[in-house]
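Visitor: Sequence:
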Amino acid sequence: MQTFTYLTIFIIMIILLARLAALLSNRFGLPSISFQLLAGILIGPSLLNLLEVPVVIGTWGNISPSLLHSVLKILAEVGLIQLMFLAGLRIDWHALKADLKPIFSLSLWVFILTAMVVGIVVQGFVERWTEALAIAAIMATGSLGISVYHFNETGLLKSRTANMVLGSAILTGLLAILLMIAAQAMNYASNYGVFKMTIAVSWFVAKLIMFFAIAYFLASRFLRLITRTGSQKRPLQAFIGYLLLVAALYAWGAIHFGSFAAVGVASLAGVLLGMSDLGLKEKISSGFGSSLTSLPVGVLFVALGMEVNTRSIEGHFIFLAVVLACIVGTKLMGGWMATRKGFESSRERALIMFGALHQGEMGMLIAAYLFSRGLVNPSQFNISIIGVVVLTTITSILTRIASYSPSPFDGRGMGWG
450 MQTFTYLTIF
460 IIMIILLARL
470 AALLSNRFGL
480 PSISFQLLAG
490 ILIGPSLLNL
500 LEVPVVIGTW
510 GNISPSLLHS
520 VLKILAEVGL
530 IQLMFLAGLR
540 IDWHALKADL
550 KPIFSLSLWV
560 FILTAMVVGI
570 VVQGFVERWT
580 EALAIAAIMA
590 TGSLGISVYH
600 FNETGLLKSR
610 TANMVLGSAI
620 LTGLLAILLM
630 IAAQAMNYAS
640 NYGVFKMTIA
650 VSWFVAKLIM
660 FFAIAYFLAS
670 RFLRLITRTG
680 SQKRPLQAFI
690 GYLLLVAALY
700 AWGAIHFGSF
710 AAVGVASLAG
720 VLLGMSDLGL
730 KEKISSGFGS
740 SLTSLPVGVL
750 FVALGMEVNT
760 RSIEGHFIFL
770 AVVLACIVGT
780 KLMGGWMATR
790 KGFESSRERA
800 LIMFGALHQG
810 EMGMLIAAYL
820 FSRGLVNPSQ
830 FNISIIGVVV
840 LTTITSILTR
850 IASYSPSPFD
860 GRGMGWG
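Residue numbers are given in the numbering used here: position 376 of the sequence shown equals residue 825, and the series is strictly consecutive.
It is worth saying that the hints were derived from the structure and are not from the lab.
This one's a predicted model, so the numbers in the text were calculated from it and none came from an experiment.
We treat Cβ as the ideally placed atom computed from N, Cα and C, and that holds for glycine.
Check before you lean on any hint, since a few could be wrong.
Claimed, not checked - Below, a list of computed lysine-lysine pairs in the DSS-like style, where the Cα atoms sit at most 27 Å apart:
1. K546 <-> K607
2. K607 <-> K550
3. K656 <-> K645
To be verified - Label-pair restraints from in silico Cβ distances:
4. W785 <-> L674: 47 to 53 Å
5. T647 <-> R683: 49 to 55 Å
6. L496 <-> I460: 33 to 39 Å
7. V650 <-> A547: 33 to 39 Å
8. S828 <-> L693: 38 to 44 Å
9. L465 <-> L549: 52 to 58 Å
10. V650 <-> I569: 19 to 25 Å
11. N475 <-> W701: 33 to 39 Å
12. L465 <-> T759: 19 to 25 Å
Modelling step: build the complete structure from the supplied sequences, incorporating the hints.
Guide: Structure follows, in structure tokens:
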């Protein structure tokens, strides 16, 4: 009874913290995600340490140390599904196609510069190249879900700037997964030989491709079936059925491949629904924007903040500082190089450069996957998580400041541009 009471009180406290952070963001004009991450850091192992054992999102199949951990992880995973599903749903894919060339340029500049510099620099702090590549994969990725969430919050989601950042987040995420697989392949080859590594990696990639093909087939067929049978006249029932299918595919991907694959399915499901003829895109987007339905995403951000353990960086502060400096320097440089042509507005360039800085949910999930496979040790994992959370928090604030411009409607105040 005591355990159940503590569980109930703790979960209510997490929900209230997530809601309070959202209210504070409205009050001070700052991103809600920054407040929610800071709330998670406050109650996590860095300060109050209310859970004692940190929560690690994206480690499906691992036994949780307590019922409270299990419940919190489930709530956070629900928020993650919602975040990525809405990211896929809200993106304007036709606008992305129009900017493919600058998106490719931004993605390649940012990813290659960051991965190369971070990998080379980190090698001086770790024992193996596989560890350096693993950390480079975590730090070079981009964040689709959090970027969509933030741009939607600031009213810039339909801008060209948002298209650039979101397109880059998708491509850098894919490149980071390839680098993650390469790090895993190098580790496997050093233990079992090149031949066995080739077979193992080929089989893993083939299974991953088949999984996404099956997910695409099932989701698209389900939507076609709804259209043909006239089930769109009962949109709520059809949508619930679609969500159950997405949840099943998400669980399958998370268990067999890792949460990095599962979030891809959630995004794909959102994309397919947004491009379908059901006409539910605006209704679903506005429905998920309410205070009640947005709570799981808030809980997710608080849980991500709770992964931070600043007490673990004793003796590794220089390593963390150097890694952060490398990431900020290379990503800003990559963004600057990619936006030299075709972008006359300094504000637009600043938004793109700042938007490409953070790793968000993808950085967390890749870090969790590599940690669960033993490619990064606990101290390297903690440093990576701290770096991801710090940059995600700072980036949200910087992009908000960069989007703050004089209002064209009056000469007195300032408005969000």
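Visitor: Determine for every hint whether it applies to the structure shown.
Guide: Evaluation of the provided hints:
no.	hint	result
1	K546 <-> K607	holds, 14 Å
2	K607 <-> K550	holds, 18 Å
3	K656 <-> K645	holds, 17 Å
4	W785 <-> L674: 47 to 53 Å	holds, 48 Å
5	T647 <-> R683: 49 to 55 Å	holds, 50 Å
6	L496 <-> I460: 33 to 39 Å	violated, 19 Å
7	V650 <-> A547: 33 to 39 Å	holds, 35 Å
8	S828 <-> L693: 38 to 44 Å	holds, 40 Å
9	L465 <-> L549: 52 to 58 Å	violated, 44 Å
10	V650 <-> I569: 19 to 25 Å	holds, 24 Å
11	N475 <-> W701: 33 to 39 Å	holds, 38 Å
12	L465 <-> T759: 19 to 25 Å	holds, 24 Å
When the structure is compared with the earlier hints, violations turn up for hints 6 and 9 and for no others.
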